[in-house]
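*Asks:* Each chain is listed here by its residues.
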Amino acid sequence: MTAGTEAPTVGLTHGASEDTGLGNRGPQSKSIVVPYGFWLFVLSDIVLFSALFATYASLVHATDGGPVTNQLFDRRLVAIETVALLLSSFTCGLAMIAAKRHHMTGTQAWLVVTGLLGLVFLSIELYEFTSMIAEGAGPQRSAFLSAFFTLVGCHGVHVTAGLLWIGTMMAQIWAKGFRQDIVRRLLCLSIFWHALDIIWVAIFTIVYLIGTLP
Amino acid sequence: MFGKLTWSAIPFDQPIPLITSMIVIVAVLGVLAWVYWKGHLPYLWNEWITSTDHKRIGVMYIVLALLMLVRGFADAIMMRAQQALAVGQSQGYLPPEHYNQIFSAHGTIMIFFMAMPFVIGLMNFVVPLQLGVRDVAFPTMNNVSFWLTASGALLVNLSLFIGEFAQTGWLAFPPLSEKAFSPGVGVDYYLVALQISGVGTLLTGVNFVTTILKIRAPGMSYLRMPVFCWTSLASNLLIIAAFPVLTATLALLMLDRYLGFHFFTNDGGGNSMLYMNLIWIWGHPEVYILILPAFGIFSEVVSTFSGKPLFGYRSMVFATLAICILSFMVWLHHFFTMGAGADVNSIFGIASMLIAIPTGVKIFNWLFTMYGGRVRFTVPMYYTLGFMFTFAMGGLTGVLLAIPPIDFLVHNSLFLVAHFHHVIIGGVVFGVMAGYTYWFPKAFGFTLDERIGKAIFWCWFIGFHLAFMPLYVLGLFGATRRMQHIADPTWQPWLDVALVGALFIMLALVLTFVQLAYSIKTRDRRRDVTGDPWDGRTLEWLTLSPPPHYNFAVLPDVHGEEAYWTRKQTAIREDQLIEEPNYQPIEMPLNTPTGVICAFFASVCGFAVIWHIWWLAILGLVGACAIFVWYAWRDEHEHIIPVKEVRANARERRRIRMEHLHELSQST
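Protein chains in written order, with the working numbering: chain A, 7 to 220; chain V, 118 to 785.
Note that these hints are calculated values from the structure, not bench results.
Do not take every clue at face value.
[Claimed, not checked] Every beta carbon over 10 Å from chain V, so not counted as near; a handful from chain A, in silico:
no.	residue
1	I38
2	V39
3	Y42
4	F47
5	D51
6	A60
7	A85
8	L125
9	S148
10	A153
11	F155
12	I197
[As the list claims (entries may be wrong)] In silico DSBU-like cross-links for lysine-lysine, where the CA-CA straight-line distance does not exceed 35 Å:
no.	chain 1	residue 1	chain 2	residue 2
13	V	K296	V	K121
14	V	K571	V	K425
15	V	K155	V	K685
16	A	K36	V	K571
17	V	K425	V	K685
18	V	K761	A	K182
19	V	K425	V	K121
20	A	K106	A	K36
21	A	K106	V	K638
22	V	K571	V	K331
23	V	K761	V	K331
24	V	K685	V	K571
25	V	K571	V	K638
26	V	K761	A	K36
27	V	K638	V	K761
28	V	K121	A	K36
29	V	K685	V	K638
30	V	K331	A	K182
Ideal Cβ placement from N, Cα and C applies to all residues, glycine included.
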């Protein structure tokens, strides 16, 4: 993943430059451009979540006589969920280190562990959702619950998308090896996975911790 | 099997949409048949539909925008005719439920599928050329963006023939847009079409911010970028920050409508004012997403045709970024009447007025650029002058609306309608028309006819003022917007004048196509041989018209602001071009059908969601995603243009340039 050995970006076949930080020495190499663009996408995703957070914050007390946060959330369950997701970020980092060394088994194994931890997280979330709906606290019950299911569910959808992406990346590495473009994609995947962690930390704090205050 | 879709979705009993859609279907089939039998299909497929060339994609965006301009205008003239006819006893020719669809479609199409594609198309074509590079950061994603936008446009227009369109205005305010009050598919068409095209726009934003910040010619530091690149950067930053909010907001409304959630409903604790806040947090930056690139176009035009560097370049950059930030701090002025209280309203009122300051800076910069210059009154310059007059006035009525007590009087009146058309036509439309005329020779190698171009300008200018000045008056009389019937017969004269104005604008549209046809027919005597027809100052005029696929044989080395002007003056002074560089083979991205296939599945999925055909929706979604997995599997990314070809093209360009240079030095 070092910039110097990369094929330069679109159409630049000569004069590929060292990064000056200002980008005024000509087009940057793909190893800079691709993750940069992906970062911008992740930022836009965070803006999307910020709209959902704002919605949750303004509707959290609009319970329409239905259950309130204290009656619904279980800190212990959420703690396990959080540990699983944060650990998966760590194992994702280990997968990246293995990929940097072009270590096939290591990369694949750590990606599997990452995916499994993601699966644990998702299963707990699904369990929480289904038991809430069974208790009559589904998203149609009140504006607060609509906002809760949408915010947390949107994160869950992102994790699901991440799991599918992990699957396709494992297949790509398996079939094509550690080609530069594939390693770049792997880097984007890990940015995405870490970003989901950041968003989860905010959900954990704003929804669950504040929601279970006595 | 087919969800809510039955034969009753086709409007057999409504002659206007039925006949219109028949004509459109016959026309589309006719064009397709002609393309097929003439054997143009492979050319279209290889050179345009699957193209990753930013110039081709830019042209396709503008073609889409021109088509949608016609569609949106058809809605406009129907509204003006209805309001002029349906006064007093008369009911006009459009029933209320049809009229409501027309004003909703007019706003939706004009903003999302006319103005946005036009602006994005010009950015696509111009920005990489001005930055002196060969393509955008993500060429395939660029193609995907275009086709997703086209998919949204397709769905909106499909609603004419199958089902109905929203009757809820261009922003679909709840609770009216909730299932309880709008049970039909109209709002669903609106939501799904905007979700799909919104993804395309977001990807464009990511693409262009990356391009402008990371991919520039050597020596092109930030403060050497042309102003159009700066305003494009600001506009795309706004896209990244604002469009996700639109996506989220529309998704919440969809959850309300499809799954019975309670975000904006009247019951269950829902809060419809939350929707107002969210949609305008996107909506206000959106108007700056449109106007900032227009400001950039005027800056390029005024500097070129005054023969002077832009006055106050740095202040222009700072003003652009100031507007970029301020645009996020004013959303509440769209609903002062919400009742947030005097303190909140004052803060947002003052913030709104503040935007007039950087805008004023810009107006003065343009005026001072012309001052002391040798101004050439070409068509783009006409639009620029017309813009400065019109936009300044429209801006002033905006300052009026920013004063909460006045806003309480004219909120949702025709005064407001007149104001935003004032700034959008006077700003965005004049801007894109100036850009279209200015960059047309670069795209196609010949200029557009000047005489017809000036006639088009006057039609727009006169037509706009006739059509909208009366609406200011009516707004002050108390006329609310979106009325299918006018009760007060004394308003008739004003409505008639407005209709005449709309007819002038119709003439402008007709002449636009006449100009295109006439210019193509007479292209041999209007060729742009040198690649620099306007004596330009920025890098797009350095290469030939139309530019080769790879834009520049060698990336230009930039010294100072006005990269091309400096280089041109040196060449004229020394009567020679720079030394011939050492040409190299060039790698360019391969074409790919990913975009059009993805958009096909997205359209299928969208249509299925609208009509509750769930199996088809899942199929469409899987297809739209699977195409990227397939795309990621490819082994060939780029093709190489051999050095022989590059050298031959470049030498031809140098020969033309040398001839031109000798002519220039002999004449001086």
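*Asks:* Each hint should be assessed against the structure and marked as holding or not.
*Replies:* Status of the hints after comparison with the structure:
1. With a least beta-carbon separation of about 6 Å from chain V, I38 of chain A fails to lie farther than 10 Å from that chain, contradicting its non-interface assignment.
2. A Cβ of chain V approaches the Cβ of V39 of chain A within 10 Å, the least distance being about 5 Å, so the stated non-interface status is violated.
3. Listed as outside the interface, Y42 of chain A is inconsistent with that label: its C-beta sits roughly 6 Å from the nearest C-beta of chain V, within the 10 Å cut-off.
4. With a minimum CB-CB distance of about 5 Å to chain V, F47 of chain A fails to clear the 10 Å threshold, and the non-interface call is violated.
5. For D51 of chain A, the shortest C-beta to C-beta distance to chain V comes to about 7 Å, within the 10 Å cut-off, and the non-interface label is violated.
6. With a least beta-carbon separation of about 7 Å from chain V, A60 of chain A fails to lie farther than 10 Å from that chain, contradicting its non-interface assignment.
7. A cut-off of 10 Å between C-beta atoms confirms that A85 of chain A is not in contact with chain V; the least separation is 28 Å.
8. Here L125 of chain A stays apart from chain V, with its beta-carbon at least about 19 Å from theirs, past the 10 Å limit.
9. Some Cβ of chain V comes within 10 Å of the Cβ of S148 of chain A; the nearest lies about 5 Å off, and the non-interface call is violated.
10. Chain V draws A153 of chain A into its interface by the beta-carbon criterion, the shortest separation being 7 Å against a cut-off of 10 Å.
11. Taking the minimum C-beta to C-beta distance to chain V, about 8 Å, the non-interface status of F155 of chain A is violated against the 10 Å cut.
12. The non-interface label for I197 of chain A is consistent with chain V: the shortest C-beta to C-beta separation is roughly 13 Å, beyond 10 Å.
13. With a C-alpha separation of about 14 Å, the suggested pairing of K296 of chain V with K121 of chain V holds against the 35 Å cut-off.
14. Using a Cα cut-off of 35 Å, the hinted pair K571 of chain V and K425 of chain V holds, with the two alpha carbons roughly 23 Å apart.
15. About 43 Å separates the Cα atoms of K155 of chain V and K685 of chain V, which puts this hinted pair outside 35 Å; it is violated.
16. Taking the CA atoms of K36 of chain A and K571 of chain V, the gap is near 45 Å; set against the 35 Å cutoff, the hint is violated.
17. Taking the CA atoms of K425 of chain V and K685 of chain V, the gap is about 14 Å. The hint holds against a cut of 35 Å.
18. For a cut-off of 35 Å, the pair hint linking K761 of chain V to K182 of chain A stands: about 33 Å separates their Cα positions.
19. For the suggested pair K425 of chain V and K121 of chain V, the alpha carbons sit about 62 Å apart, so the restraint of at most 35 Å is broken.
20. A C-alpha spacing of about 17 Å is found between K106 of chain A and K36 of chain A, which places the hinted pair at or below 35 Å, so the restraint holds.
21. A threshold of 35 Å between alpha carbons decides the hint, and for K106 of chain A with K638 of chain V the separation of about 59 Å lies outside it, so the pair is violated.
22. For the given pair, K571 of chain V sits about 39 Å from K331 of chain V by alpha-carbon distance, which is inconsistent with the 35 Å threshold.
23. At roughly 29 Å between alpha-carbon atoms, K761 of chain V and K331 of chain V fall within 35 Å of each other, so this suggested pair holds.
24. A threshold of 35 Å between alpha carbons decides the hint, and for K685 of chain V with K571 of chain V the separation of about 29 Å falls inside it, so the pair holds.
25. Among the hinted pairs, K571 of chain V with K638 of chain V is consistent with the structure: their alpha-carbon atoms are about 19 Å apart, no more than 35 Å.
26. Straight-line distance between C-alpha atoms of K761 of chain V and K36 of chain A comes to about 26 Å, which keeps the hinted pair within the 35 Å bound.
27. A hinted pair counts as satisfied when its Cα atoms are at most 35 Å apart, and K638 of chain V with K761 of chain V qualifies at roughly 34 Å.
28. A threshold of 35 Å between alpha carbons decides the hint, and for K121 of chain V with K36 of chain A the separation of about 47 Å lies outside it, so the pair is violated.
29. A C-alpha spacing of about 32 Å is found between K685 of chain V and K638 of chain V, which places the hinted pair at or below 35 Å, so the restraint holds.
30. Note on K331 of chain V and K182 of chain A: the hinted pairing holds, with a Cα-Cα distance of about 28 Å set against a maximum of 35 Å.
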